[in-house]
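Chain residues, written in single-letter form:
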Amino acid sequence: MDFLNYFGNVFTPYHLLLLFGGTTAGLILGALPGLSPTMAVALIIPFTFHMEPASGLILLGAMYTATVAGGAISAILVNVPGAPANIATALDGHQMARQGRASEALHYCFLSSFVGGISGIIILIFFTPPLAELALKFGPTELFWIAILGITVIGTIGSKSVIKGLMAGLFGLAVSTIGDNPMLGEQRFVYSEHMESGIHIVVALIGLFALPQILTLLEESGKSEAGMFALSEARWVTSFKYNVTRIKALAMGSIIGAIVGVIPGAGGQIAGLVAYDQIKKTSKNPEKFGQGEPDGIIAAESANNAMVGPSLVPLLTLSIPGSPTAAVLLGGLLIHGLFPGPDLFTVHAEVIWTFIDSLIVAQVFMLVIGLFLSRHSGWIMKVPPHYMAASILVLAVFGTYSIQSSYSDVLLMGVLGVTMYFASKLGFGPAPMVLGVILGPIAEDNFLMGKLIGEAGDGALNYFVSGPINMTLIAATLGSVAYSVYASQKMKKKVMQ
Amino acid sequence: MSNLRNPELTTAFYSLAIAGLFSFLAFYGTDSDIYLFPRIIALALLSFSIVLLISSLQASKVSEKSTADQNKESNFMKILPGLAIGFIYLTLMDTVGFYTSSFFVFLAFLMLYGKREMTDPKAFFKKVTVSISFVFVLYLLFWQGLHVRTPTGWIF
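If you read the sequences in order, they're chains A and B.
Sequential numbering from 1 applies to the first sequence in the working numbering.
Sequential numbering from 1 applies to the second sequence in the working numbering.
Since the hints were made in silico from the structure, they are not lab data.
Please note: incorrect hints may appear among the correct ones.
[Stated by the list, open to error] Computed beta-carbon distance windows for the label pairs: (1) A:T245 <-> B:T10: 50 to 56 Å; (2) A:Q99 <-> B:A84: 44 to 50 Å; (3) B:L92 <-> A:K281: 56 to 62 Å; (4) B:V128 <-> A:E186: 31 to 37 Å.
All values derive from a computational prediction rather than experimental measurement.
The C-beta atom is built at its ideal place from N, Cα and C for all residues, glycine as well.
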């Protein structure tokens, strides 16, 4: 019951203010159509750099929690999901809005998000420490394979094209090799003074996530606005009373969300859609789904929020993110000197338990602020894309500069961002590339160390492929590739038919 | 990008070119110990690029350009002014100063991408007010609150 020991740390005025600010900003940013939750969390990371690690993580955790729930606002009001996780919510949520029940739909959304979110955090609290102990058995080769597995999983399961996902991860790894060789200290690929220090994680995070978003927003500017339905005068108490009777939808959503969350790379989109599909299949009135059935919203929203806590389980223990936003959160951990694994729960126990405990309080803030926004969120939909683009650009430049007071970082961020925008047009996603940049130094460090140890024994190759953990990790890496290839072939066949 | 006949094939060629360039940089005139890890990445990238090229060549025989690809195409002319503003911003920020250049870049985005005519004085006044307010809030939050010192340049 370690988590109870640090619960009091959350209730300082400063931390409560961060939770309030992070949740409000997360809900608003999540609700803005066209802004991804991953970008929102990436943009906030530099601001946490100047905070104590626990405070910084509290802000990031609150943002992560709230952006997932906030995406439902635009899904319901304008039928444009704020995040992929809210696709399933739009199916019935927008239909309810068309029937003049927009506020009621938003009430179901935030109440179910709260239930799902709390369930997910319970999984996080009880599953993370034992799994972290497993990481004690990891040597350099295991850590190398873990890094490769993390990139492979995000590159395959989390991407539309297996080969492009893997290549994006490799591009990220290539970018991470700019600068000093970790063992010999010699510089590599340094063709300008701006590249001497290599590419900082935050520079990559902001460049790869924020700048392409700015250009996409500019593309969208001037397009006719989506029709928005007015917020009605529904009472949240009435919605609450109805919501608590939908135990099946809540339980199904929470369980599916928790399971999907633990699977590395899966993310909220899959959780929401699977939960929606299952509740529809098991419903007595499946024909009502898609026509404004509250159970559809309840299952989808409890699932995508139940995913948040468990997506941190593989992240905090093995440095494998459960979702693209969790990959960004890994960058947040590393810039504060917190490396996933058993040390997190021993050396940094106070920081990490305070962070996990704060996620519970963040759920309460999300519920209260979300219910308030259920009647006052119409203005969010009216923010023009070019206003968002201008704000993100200035914040991205400031955030990048503030990390090391380096003008070179700003230029590198610009180059990476524009390159990523064009790469995204060719089908390459930013998440595997970011993970490549983040995990690249870990992979290379442990690869070189493993090679040295192996050469002193039975040979490097033998050292890298021996032992049950190495074999399991290699099998998991190959398995994730094989599964993704199989799934994409199956999908292609379906499309052809 | 919009005039290319087969986007998948184009992607494969771009990927191959980048993988080839990275391999050249990693292998040509470099020390094998220092560049060992980049060389492994380069080989993996080259292999995947070749696989992508082969699979897109096979796919191009089967199907024509898909609607999904069409949807992803960049509206380059629309983003060009934004790219130009961004480039000028990043180039001049260090010389002019962060807050001054941020004000101008913010205003430029609102002017160029706003719906109303640029000559409308009422709209112009509103955009200037929003830009000043945004930069002022940034100044209060970052310079005064977080004590982060951004480039001051000639002006501020």
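Comparing the hints with the structure gives:
Against the hinted window of 50 to 56 Å, the Cβ-Cβ separation of A:T245 and B:T10 comes to about 55 Å, which satisfies the hint. A beta carbon spacing of about 46 Å between A:Q99 and B:A84 agrees with the range 44 to 50 Å that was offered as a hint. Judged by the Cβ atoms, the range 56 to 62 Å given for B:L92 and A:K281 holds: they are separated by roughly 59 Å. Checked against the hint of 31 to 37 Å, the C-beta distance between B:V128 and A:E186 comes to roughly 52 Å, which is inconsistent with it.
Violated hint: 4 only; the structure is consistent with all others.
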